[in-house]
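Peer 1: Read off the chains here:
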Amino acid sequence: MNEFAIALVEWLLKVIHAYLIGGLIFSVPFVIFGIHRVDPNVQGWSILFRIIIMPGLLIFWPLFAVRLVRGKTAPTERTAHRVAAQAAPQPAPQGGGS
Amino acid sequence: MTTNNPQPQDEFYVNYLPMPRSWSAFLLKFLPLLIAGVLIFAYILPTVHDQYNKGGFSKRTDYLGYLVANPVPHLIVPRPGNTEAGADYSYYLLAAGNKAGPPKKVMEQAGNWVTLTGLPIARNNLTLLAAFKAETAEAPEGFDLDLKGKSLGEFTVEGEIVDPKCYNGVMKPGRTKTHRGCAIRCISGGIPPTLVSHNAQGDTIYFVLSDLEDQAVNDRVLNIVGDPLRITGEVVQFGDTFVLKADPETYEVI
Amino acid sequence: MSVSYKSIQWNRQKIIYDLLLVATIALYLYLFVWSTQWFGGADVERGLRAIWIRAYGSAAFILLHVILSIGPLTRLSPKFYPLLFNRRHMGVVMFLLGVQHARGTLAWYHDFGNLDPIVSLLTGNLNFGFIPFPFELLGIGGLLILGLMAITSHDFWLHNLTAPVWKALHMCVYLAYSLLVGHVFLGALQTNKHPFLTIAVGIGLVWIVGVHFWAARKEAGCDRQTFLINTEGFADIGSISEIPENRAKVVTLAGERIAVFKYDGKISAISNVCQHQNGPLGEGKILDGCITCPWHGYQYRPEDGASPPPFTEKVPTFAVRLQGDRIFLSATPNLPGTPVEPAVIA
Ligand code: HEM
Ligand code: HEM
Ligand code: FES
Chain A
1 MNEFAIALVE
11 WLLKVIHAYL
21 IGGLIFSVPF
31 VIFGIHRVDP
41 NVQGWSILFR
51 IIIMPGLLIF
61 WPLFAVRLVR
71 GKTAPTERTA
81 HRVAAQAAPQ
91 PAPQGGGS
Chain B
99 MTTNNPQPQD
109 EFYVNYLPMP
119 RSWSAFLLKF
129 LPLLIAGVLI
139 FAYILPTVHD
149 QYNKGGFSKR
159 TDYLGYLVAN
169 PVPHLIVPRP
179 GNTEAGADYS
189 YYLLAAGNKA
199 GPPKKVMEQA
209 GNWVTLTGLP
219 IARNNLTLLA
229 AFKAETAEAP
239 EGFDLDLKGK
249 SLGEFTVEGE
259 IVDPKCYNGV
269 MKPGRTKTHR
279 GCAIRCISGG
289 IPPTLVSHNA
299 QGDTIYFVLS
309 DLEDQAVNDR
319 VLNIVGDPLR
329 ITGEVVQFGD
339 TFVLKADPET
349 YEVI
Chain C
353 MSVSYKSIQW
363 NRQKIIYDLL
373 LVATIALYLY
383 LFVWSTQWFG
393 GADVERGLRA
403 IWIRAYGSAA
413 FILLHVILSI
423 GPLTRLSPKF
433 YPLLFNRRHM
443 GVVMFLLGVQ
453 HARGTLAWYH
463 DFGNLDPIVS
473 LLTGNLNFGF
483 IPFPFELLGI
493 GGLLILGLMA
503 ITSHDFWLHN
513 LTAPVWKALH
523 MCVYLAYSLL
533 VGHVFLGALQ
543 TNKHPFLTIA
553 VGIGLVWIVG
563 VHFWAARKEA
573 GCDRQTFLIN
583 TEGFADIGSI
593 SEIPENRAKV
603 VTLAGERIAV
613 FKYDGKISAI
623 SNVCQHQNGP
633 LGEGKILDGC
643 ITCPWHGYQY
653 RPEDGASPPP
663 FTEKVPTFAV
673 RLQGDRIFLS
683 ATPNLPGTPV
693 EPAVIA
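So the protein sequences, as listed, match chains A, B and C.
Mapping of the first sequence onto the numbering used here: position 53 corresponds to residue 53, and the numbering continues sequentially without gaps.
Mapping of the second sequence onto the numbering used here: position 97 corresponds to residue 195, and the numbering continues sequentially without gaps.
Mapping of the third sequence onto the numbering used here: position 29 corresponds to residue 381, and the numbering continues sequentially without gaps.
A hint or two may mislead.
What the hints assert, rightly or not - Here are the simulated lysine-lysine pairs, DSSO-like style, with alpha carbons at most 30 angstroms apart:
(1) LYS127/B to LYS152/B
(2) LYS127/B to LYS618/C
(3) LYS152/B to LYS231/B
(4) LYS570/C to LYS618/C
(5) LYS127/B to LYS431/C
(6) LYS246/B to LYS203/B
(7) LYS545/C to LYS72/A
(8) LYS231/B to LYS246/B
(9) LYS431/C to LYS545/C
(10) LYS127/B to LYS545/C
(11) LYS366/C to LYS152/B
(12) LYS202/B to LYS157/B
(13) LYS246/B to LYS127/B
(14) LYS127/B to LYS157/B
(15) LYS545/C to LYS366/C
Stated by the list, open to error - Partial pick of chain B residues on the chain C-facing surface, computed with a CB cut under 10 angstroms:
(16) PRO118
(17) LEU131
(18) VAL166
(19) ASN168
(20) GLY267
Please keep in mind that the hints were generated in silico from the structure rather than gathered at the bench.
We put the CB at the ideal spot given by N, CA and C, even for glycine.
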């Protein structure tokens, strides 16, 4: 048995474990109190919805932690047309921006 | 604003609307074909897998035998009245109930006659006992204990290292690539590594592996478990079991 | 995004879809085990632990082929669209089959030993030669990618990660597929030498690559067209008569596809990329006055590229002019949701 590989893998598993625990500590209060601020589309208190997004939060929680701190919501996607439209002079001033 | 669609044949579907006739007609033909196609695999795949053999285990039994620790843990069990077959004893490899060599409590009695309680796991003429406990016992009368074996000279054999517990029938096929991870676990835990070889007639011959100092090679073969190997060394016969003595450094992967 | 998230938006067709999916898989697993016992009799491993590993693994692998085929098949014929809208449930089910397969492996091949099973799985075989390669690592790689897709499969994630990030993540399904082909080639095919298995995996690979090339070739025509842009910044993209009523012609301008719709004697143009999952709006149709995406039915008004309230999606719009039968399209997109006067057909 390769002792070095075993030690390395055991250490890595601990790191992953710690990350996921961190995610859990962040996510439980987040889905209850913070999620409305980061995503205004979240309305109501559906528990099943919160459970369904929980596994993803355990992975992506730093993204939401940053958005929560900066007071931001999700960015709008960038496609070639959207980028070009930003740069172009706009004909209709009453048009809704993004 | 409602559209009065001038092209009723212009079919379009989103999942909250009814499906156009011709589409559902198509799906009614396509889906059964797809599902049948998938299910055919469930029927055929098991038949083309290497997962059937006669190996297996039977019931827990008590064995009177002489317990030996080297090169691998084994039990010499006299077989009175069976002298015509050539050997008057069996050479049973030993392991524990899990992926490990026999329990310490058992092996502390190496060098003694014992009554060993074990689960026999056998395939062809290779038997391994999953040993649970052993108690010191009286030596049987009229049995001539032979710990030297009979040297048959030097041979070159080709084959694959397996852990004889899984290979013998706990797992099927219990050998080759898919089983490699498990075999590595078993052999690192102390289950006697054994070479499975086939002669020109297609008979299967087993060789228990030993180094030149009569020690187990377990920790030195982990990287080549399940690989095709060529080993040259002295073959020593114990009863109807062969032990192949060679320096694991000289095992060749082919 | 839609007004508010639901855990799952059920409708009749989704329920039929899921029932068919689950029933087929249950039948597959049952048949696999039954066939093993029927064929092997007493020579089968007791307890059948490894048989279940194989049943789950092969079910997941076959389902992956089905999932990967749906996208290109819809490009070849729209009749396959009803299989696409709920593909994510298929994906999640496949991931769960993969999990069962991996759990079986961990418990049967790596537990009861002298190491923690996960550590054993990751460090047992460290021979990285070609044939001895630890094929389990390839399976883990595939499973992790599928896992990322599955745990982010709710629309909440689509919105918060944005569709392009999504798309990138979903393109990784092809990486997962290659890893898993490697997993099967270096694992099961090394043990089970029956030619049927090798040929079946080979045909699967050729089919997946082939159907993608076939669909790509059909689409490539559209992207290769180039248009001359006149001094006013408009390009002649074709004639009115090319476009069926309530349908679109798709052209590529300004680095992305544009859907040019004809309806009620008018022409309007919006960006082809649906804000939901980047579905192809140009393959959609005008229903109740709205451009309706063929993937999941999100709707946009042709006049301003915005979803009718209470929805909030918006896509960029394009100015259109007509000269006789010819359609001239602005090469400069307007900001998403900008109203544009539709060109009226004389
Ligand atoms: C685990 C579940 C899923 C699986 C296995 C899966 C599978 C796939 C596959 C095979 C593609 C390849 C492209 C194609 O065939 O057209 C794809 C593309 C895509 N998927 Fe998924 N999908 C899943 C769930 C989702 C979900 C939940 C979303 C959105 C919420 C999504 C959004 C997309 C997008 C935007 C593309 C790009 C499409 C394109 O440009 O052609 N997928 N997905
Ligand atoms: C942690 C991840 C995984 C591990 C550790 C793993 C491990 C294994 C092992 C040990 C085998 C050999 C089983 C045997 O024949 O006794 C196997 C076979 C297989 N695996 Fe995986 N696997 C993983 C993920 C996957 C995934 C995600 C898929 C497919 C989506 C997959 C598909 C297969 C297939 C098709 C086989 C061949 C089954 C057969 O013999 O019919 N594996 N895997
Ligand atoms: S991509 Fe889902 S509706 Fe357009």
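Peer 1: Give a verdict on every hint.
Peer 2: A quick look at each hint next to the structure:
no. : hint                 : result
1   : LYS127/B to LYS152/B : 44 angstroms, violated
2   : LYS127/B to LYS618/C : 39 angstroms, violated
3   : LYS152/B to LYS231/B : 27 angstroms, holds
4   : LYS570/C to LYS618/C : 28 angstroms, holds
5   : LYS127/B to LYS431/C : 12 angstroms, holds
6   : LYS246/B to LYS203/B : 25 angstroms, holds
7   : LYS545/C to LYS72/A  : 56 angstroms, violated
8   : LYS231/B to LYS246/B : 26 angstroms, holds
9   : LYS431/C to LYS545/C : 39 angstroms, violated
10  : LYS127/B to LYS545/C : 35 angstroms, violated
11  : LYS366/C to LYS152/B : 47 angstroms, violated
12  : LYS202/B to LYS157/B : 23 angstroms, holds
13  : LYS246/B to LYS127/B : 73 angstroms, violated
14  : LYS127/B to LYS157/B : 53 angstroms, violated
15  : LYS545/C to LYS366/C : 40 angstroms, violated
16  : PRO118               : 9 angstroms, holds
17  : LEU131               : 12 angstroms, violated
18  : VAL166               : 23 angstroms, violated
19  : ASN168               : 21 angstroms, violated
20  : GLY267               : 8 angstroms, holds
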